[in-house]
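Given chain H, work out where chain X should sit, using these hints.
Just so you know, the sequences run in chain order H and X. Residue 1 is where the first sequence starts when you use my numbering, and the numbers rise one by one after that. Residue 1 is where the second sequence starts when you use my numbering, and the numbers rise one by one after that.
Hints are computed from structural coordinates only; laboratory data are not their basis. Misleading hints may appear alongside valid ones.
[What the hints assert, rightly or not] Restraint-style ranges between C-beta atoms, simulated for each label pair:
{"hint": "1", "chain 1": "H", "residue 1": "S144", "chain 2": "X", "residue 2": "I23", "range": "46 to 56 Å"}
{"hint": "2", "chain 1": "X", "residue 1": "I29", "chain 2": "H", "residue 2": "M1", "range": "37 to 47 Å"}
{"hint": "3", "chain 1": "H", "residue 1": "L99", "chain 2": "X", "residue 2": "K78", "range": "47 to 57 Å"}
[Claimed, not checked] Dumping the calculated DSSO-like pairs for lysine-lysine here, alpha-carbon to alpha-carbon at most 27 Å:
{"hint": "4", "chain 1": "X", "residue 1": "K133", "chain 2": "X", "residue 2": "K314"}
{"hint": "5", "chain 1": "X", "residue 1": "K133", "chain 2": "H", "residue 2": "K67"}
{"hint": "6", "chain 1": "H", "residue 1": "K141", "chain 2": "H", "residue 2": "K212"}
{"hint": "7", "chain 1": "H", "residue 1": "K38", "chain 2": "H", "residue 2": "K15"}
{"hint": "8", "chain 1": "H", "residue 1": "K102", "chain 2": "H", "residue 2": "K186"}
{"hint": "9", "chain 1": "H", "residue 1": "K67", "chain 2": "X", "residue 2": "K288"}
{"hint": "10", "chain 1": "H", "residue 1": "K92", "chain 2": "H", "residue 2": "K15"}
{"hint": "11", "chain 1": "H", "residue 1": "K117", "chain 2": "H", "residue 2": "K136"}
{"hint": "12", "chain 1": "H", "residue 1": "K5", "chain 2": "X", "residue 2": "K49"}
{"hint": "13", "chain 1": "H", "residue 1": "K5", "chain 2": "H", "residue 2": "K68"}
{"hint": "14", "chain 1": "H", "residue 1": "K186", "chain 2": "H", "residue 2": "K92"}
{"hint": "15", "chain 1": "H", "residue 1": "K135", "chain 2": "H", "residue 2": "K117"}
{"hint": "16", "chain 1": "H", "residue 1": "K10", "chain 2": "H", "residue 2": "K117"}
{"hint": "17", "chain 1": "X", "residue 1": "K125", "chain 2": "H", "residue 2": "K162"}
{"hint": "18", "chain 1": "X", "residue 1": "K210", "chain 2": "H", "residue 2": "K15"}
{"hint": "19", "chain 1": "H", "residue 1": "K10", "chain 2": "X", "residue 2": "K314"}
{"hint": "20", "chain 1": "X", "residue 1": "K125", "chain 2": "H", "residue 2": "K15"}
{"hint": "21", "chain 1": "X", "residue 1": "K125", "chain 2": "H", "residue 2": "K68"}
{"hint": "22", "chain 1": "X", "residue 1": "K283", "chain 2": "H", "residue 2": "K10"}
{"hint": "23", "chain 1": "X", "residue 1": "K46", "chain 2": "H", "residue 2": "K10"}
{"hint": "24", "chain 1": "H", "residue 1": "K38", "chain 2": "H", "residue 2": "K162"}
{"hint": "25", "chain 1": "H", "residue 1": "K67", "chain 2": "X", "residue 2": "K46"}
{"hint": "26", "chain 1": "H", "residue 1": "K68", "chain 2": "X", "residue 2": "K49"}
{"hint": "27", "chain 1": "X", "residue 1": "K46", "chain 2": "H", "residue 2": "K68"}
{"hint": "28", "chain 1": "X", "residue 1": "K283", "chain 2": "H", "residue 2": "K5"}
{"hint": "29", "chain 1": "H", "residue 1": "K189", "chain 2": "H", "residue 2": "K135"}
{"hint": "30", "chain 1": "X", "residue 1": "K288", "chain 2": "X", "residue 2": "K210"}
{"hint": "31", "chain 1": "H", "residue 1": "K15", "chain 2": "X", "residue 2": "K46"}
{"hint": "32", "chain 1": "H", "residue 1": "K68", "chain 2": "X", "residue 2": "K288"}
{"hint": "33", "chain 1": "X", "residue 1": "K288", "chain 2": "X", "residue 2": "K314"}
{"hint": "34", "chain 1": "H", "residue 1": "K67", "chain 2": "X", "residue 2": "K49"}
{"hint": "35", "chain 1": "X", "residue 1": "K133", "chain 2": "H", "residue 2": "K68"}
In this text, a Cβ means the ideal position worked out from N, Cα and C, and glycines have one as well.
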Amino acid sequence: MIELKNITKKYEINKNNTTIALHNINLSIQEGEIVILKGASGSGKSTILSLIAALSKPTSGEVIVDKKHISKLPDNFASIYRRDNIGFIFQKYNLIPTLSVKENILLPLVPLNLSNKEMEEKLHTVMQKFTIEHKKDSIVKRLSGGEQQRVAIARSYVNNPKIIIADEPTANLDERLSLHFIEILKEFKALGKTVVVATHDPLFFGLDFVDKEIEIERGNLLL
Amino acid sequence: MILTPEVLAILLLNVIFAVFSFIAFILSIKIFLNWDIESTSTAQYKLEKQSFLSATIIKYIFIIKVPLFLFFIFTLDKISNVLTGAMCGAGVVDATEYGIYLFLLKIINLYIFGYWLALHFEDIKHENQPYTKLKFGIFIVAFFLFIIELIIEGVMFSSIEVDKMVSCCGSLYSSTSTSYISEIFKIDTTLLLTLFYTNYFLMLLFYFFKQKYFFALANITFIIISIMSLIIFFGTYIYELPTHHCPFCFLQNDYYFVGYFLYSFLFIGTFYGFKTGFIESSKELVSKNYRVSLIFNTLYLIIVSLYPILFYIKNGVWL
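The shape of chain H in the complex, shown without the other chains (with noise of 0.2 Å):
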């Protein structure tokens, strides 16, 4: 269960510029829900999912994945909250376009010392889900934008995250591809993963099988 209490971000540029990019929220995701992030640019979308992420730290309140305040996290102790227990998906995919498929999936697991059977025995499960087996050895500049998505996706999955985070996923694919993105959340949400998406793609409104929608509008929450 994903907690956010009283959150209030701000960004400071310097001390007469400073952003208020979430205003005192308080949103609650339970486990295994598909939430839907909506809101125009800068409305504070991805600032929520930094916050859940433990990529930044709130100005004040506290977030609190189960049962454990993350925001309070030294930044050593948040690096493994994140290698446990987050998958990233972003926009622009961050691969590293010089390494191959096999390479780019497998990223997330140098830290955790597996063997190289366990390595190969995740890597082949996860590219036989997200049907990207074949481009194996391919490196990934090569591949067309569906394809560096469906990458990024088994990186994500790769560690067998709990929550699985997306920052405007669809934003650099085609209507066909979006909707291949849809399909591979309902399997997200059928594997009883807590997916948190930030998108502004209409196409992500209104979904049956989606159990939260939330606008943000200059950081607050529209509920």
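Same frame as chain H, but now just chain X:
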């Protein structure tokens, strides 16, 4: 005033450290007074960021300060070449009235800086950072000691006059000397050696019975007794001269720099022993501290003990 490249390096480094540690000092006061790990207020989140910054500054300063002590000893030894009468670092320490105070303060600071580092590394192992308030409190004290050290160091180096005759270690560390050092030669050698070996066996005993507080205390007494016995007894076998008691000469090339090993072993061994009793750690870490302490203290004991034994085997007499 003496300004060799080594002295300049030490002074410059210390000035840089003073500037950065002043920033850490200001933040440390704020952290020490306002830290509340349970709070989710803006002020606490700000303090958490500031504590990371200050701890990083302090960590790197102290990590460099610890080996810098050995460089300081090396510098004293090197300066002795240009001071008339000085044969080693002892002459330089005695060249001004500040030398001995600086030297003692540096040893005290060495342990405090080491203790701070140990506390910090223990603190960051825990999500709730249980030692944060304590470590910044200790730093506030350490900062003043560091500044005092810096001032005395500057005054000492600027007071050294290269054309003034200084005492050599032979006259300073002798029972006939009138200096404060000569007082320790009144201690009976047999008694001192008995204390030295008994202290070591007590440490072993406390280790076997896992008495960490007594083990730590035994390490504190061990460093004092070890240095005294090194000056009064073991040193004479390193030099193979019954009248030479200098604790600096064996840092020189003529004695294969053995002093650096002896002091390093002694400081590491006693520091880890001290750490065993004064920092609450996991069982594994306490057990590691015990082992490191015993290994280095034992190495120290073996090396110093071998000198008189080998001398006796070679010559058939004691000095």
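query: Going through the earlier hints one by one, which of them does the structure break, listed in rising order?
result: 4, 6, 7, 9, 10, 16, 18, 19, 20, 22, 28, 32, 33
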